[in-house]
Amino acid sequence: MKNYSKIWPFVLGAATMLVIFILWKSLTQKSEETVQNDYYIITNQIRKMNKMVVMEQDFSSIQKTKMTSELLGGLLPKLEKELITFTKTNAQVSYDLNKMELEVDSANKKLIIRSLPAADIKITPSVEIQSIDDTFLSRIKQEDLRKVTQSAKDNAYKTVNQQRLRNEGRKQLLENLSQLFVLARALNYEIEDQTGQVDTSKL
1 MKNYSKIWPF VLGAATMLVI FILWKSLTQK SEETVQNDYY IITNQIRKMN
51 KMVVMEQDFS SIQKTKMTSE LLGGLLPKLE KELITFTKTN AQVSYDLNKM
101 ELEVDSANKK LIIRSLPAAD IKITPSVEIQ SIDDTFLSRI KQEDLRKVTQ
151 SAKDNAYKTV NQQRLRNEGR KQLLENLSQL FVLARALNYE IEDQTGQVDT
201 SKL
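Residues in the sequence shown are numbered from 1 upward in steps of one, following our numbering.
Mixed in with the good hints there might be a few duds.
Okay, derived cross-link-like pairs now, SDA-like style, lysine to any residue, Cα gap no bigger than 25 angstroms in a straight line [as the list claims (entries may be wrong)]:
1. Lys171 x Ser131
2. Lys171 x Asp58
3. Lys171 x Ser201
4. Lys158 x Ser178
5. Lys158 x Ser94
6. Lys171 x Lys147
7. Lys147 x Ser201
8. Lys202 x Ile62
9. Lys88 x Asn167
10. Lys147 x Val54
11. Lys48 x Lys88
12. Lys88 x Val54
Distance ranges between label pairs, derived from CB positions [to be verified]:
13. Lys202 x Glu80: 58 to 64 angstroms
14. Phe59 x Asn98: 27 to 33 angstroms
15. Lys64 x Asn98: 21 to 27 angstroms
16. Ala107 x Lys202: 25 to 31 angstroms
17. Phe59 x Arg185: 17 to 23 angstroms
18. Gln179 x Gln142: 49 to 55 angstroms
19. Ser126 x Asp199: 18 to 24 angstroms
20. Ile112 x Ser151: 22 to 28 angstroms
21. Pro117 x Ser61: 27 to 33 angstroms
22. Ser61 x Thr200: 16 to 22 angstroms
23. Ser126 x Asn44: 16 to 22 angstroms
24. Ile84 x Glu190: 23 to 29 angstroms
By construction, these hints were calculated from the structure, which means they are not laboratory data. We treat Cβ as the ideally placed atom computed from N, Cα and C, and that holds for glycine.
Build out the structure end to end from the sequences listed, making use of the hints.
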């Protein structure tokens with residue numbers, strides 16, 4: 001009887017330790033599974049976004065060019081020639097999200113934005129000759145056509161406000177990223193921006 005009284009506290013203590021261990025193991029395992037699941041969800045969303053964000057605008061303009069030419073070394077009055085060109089310009093800004101650097105810190109529950117891709121701006125003007133007003137005595141030469149066409153293209157490049165296009169493209173980029181930020185917030189991840197380009201207070 002005395003032996004049982006000595007063994008009983010030992011058995012009870014061992015059983016208590018076993019129960020505590022099982023509970024601790026269960027809670028730890030669930031916590032690790034949650035962390036792994038959250039990490040998978042966020043990284044999977046990032047992989048889905050690894051594509052090009054493109055925004056484009058179209059512009060058009062008409063340009064009238066007048067040229068004069070001399071006949072017989074200036075003995076006769078100068079003749080005037082006129083060309084009308086129509087220029088259609090496509091301006092495109094794109095961001096390659098494969099060049100974006102994001103780190104998912106699952107241990108500290110942080111989504112860290114290390115770098116965002118730079119904007120790639122492409123301007124493509126297309127020039128059409130709408131009207132040619134020349135005469136038999138003063139034909140427009142092919143070289144003149146090339147000069148007028150190049151002048152129209154140069155004007156098209158100057159017309160596009162690249163800074164405005166870049167800013168609007170940046171807004172579009174952040175709108176695309178907002179889905180990722182909302183998901184991270186829902187999983188209680190803190191968003192840390194190291195680029196200085198994202199206002200995390202508004203996320």
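Status of each hint after checking the structure:
1. Lys171 x Ser131: violated (40 angstroms)
2. Lys171 x Asp58: The given pair, whose Cα atoms are some 18 angstroms apart, holds under the 25 angstroms limit.
3. Lys171 x Ser201: The hint holds at about 16 angstroms.
4. Lys158 x Ser178: Outside the cut-off at roughly 33 angstroms; violated.
5. Lys158 x Ser94: Satisfied, since the Cα-Cα distance of roughly 19 angstroms is no more than 25 angstroms.
6. Lys171 x Lys147: violated (38 angstroms)
7. Lys147 x Ser201: Answer violated: Lys147 to Ser201 is near 52 angstroms, above 25 angstroms.
8. Lys202 x Ile62: violated (43 angstroms)
9. Lys88 x Asn167: holds (22 angstroms)
10. Lys147 x Val54: violated (32 angstroms)
11. Lys48 x Lys88: violated (34 angstroms)
12. Lys88 x Val54: This hinted pair holds, its Cα atoms lying about 19 angstroms apart.
13. Lys202 x Glu80: 58 to 64 angstroms: holds (59 angstroms)
14. Phe59 x Asn98: 27 to 33 angstroms: Once the Cβ atoms are compared, 29 angstroms apart, the range 27 to 33 angstroms for Asn98 and Phe59 holds.
15. Lys64 x Asn98: 21 to 27 angstroms: Given a distance of about 45 angstroms, which is not inside 21 to 27 angstroms, the answer is violated.
16. Ala107 x Lys202: 25 to 31 angstroms: Since the Cβ atoms of Ala107 and Lys202 sit about 26 angstroms apart, the hinted range of 25 to 31 angstroms holds.
17. Phe59 x Arg185: 17 to 23 angstroms: Because 39 angstroms falls outside the window, the suggested range is violated.
18. Gln179 x Gln142: 49 to 55 angstroms: At roughly 53 angstroms between Cβ atoms, Gln142 and Gln179 fall inside 49 to 55 angstroms, so the hint holds.
19. Ser126 x Asp199: 18 to 24 angstroms: With Cβ atoms ~38 angstroms apart, the hint is violated.
20. Ile112 x Ser151: 22 to 28 angstroms: violated (49 angstroms)
21. Pro117 x Ser61: 27 to 33 angstroms: holds (31 angstroms)
22. Ser61 x Thr200: 16 to 22 angstroms: violated (41 angstroms)
23. Ser126 x Asn44: 16 to 22 angstroms: violated (41 angstroms)
24. Ile84 x Glu190: 23 to 29 angstroms: violated (60 angstroms)
Checked against the numbered hints above, the structure violates hints 1, 4, 6, 7, 8, 10, 11, 15, 17, 19, 20, 22, 23, 24; every other hint is satisfied.
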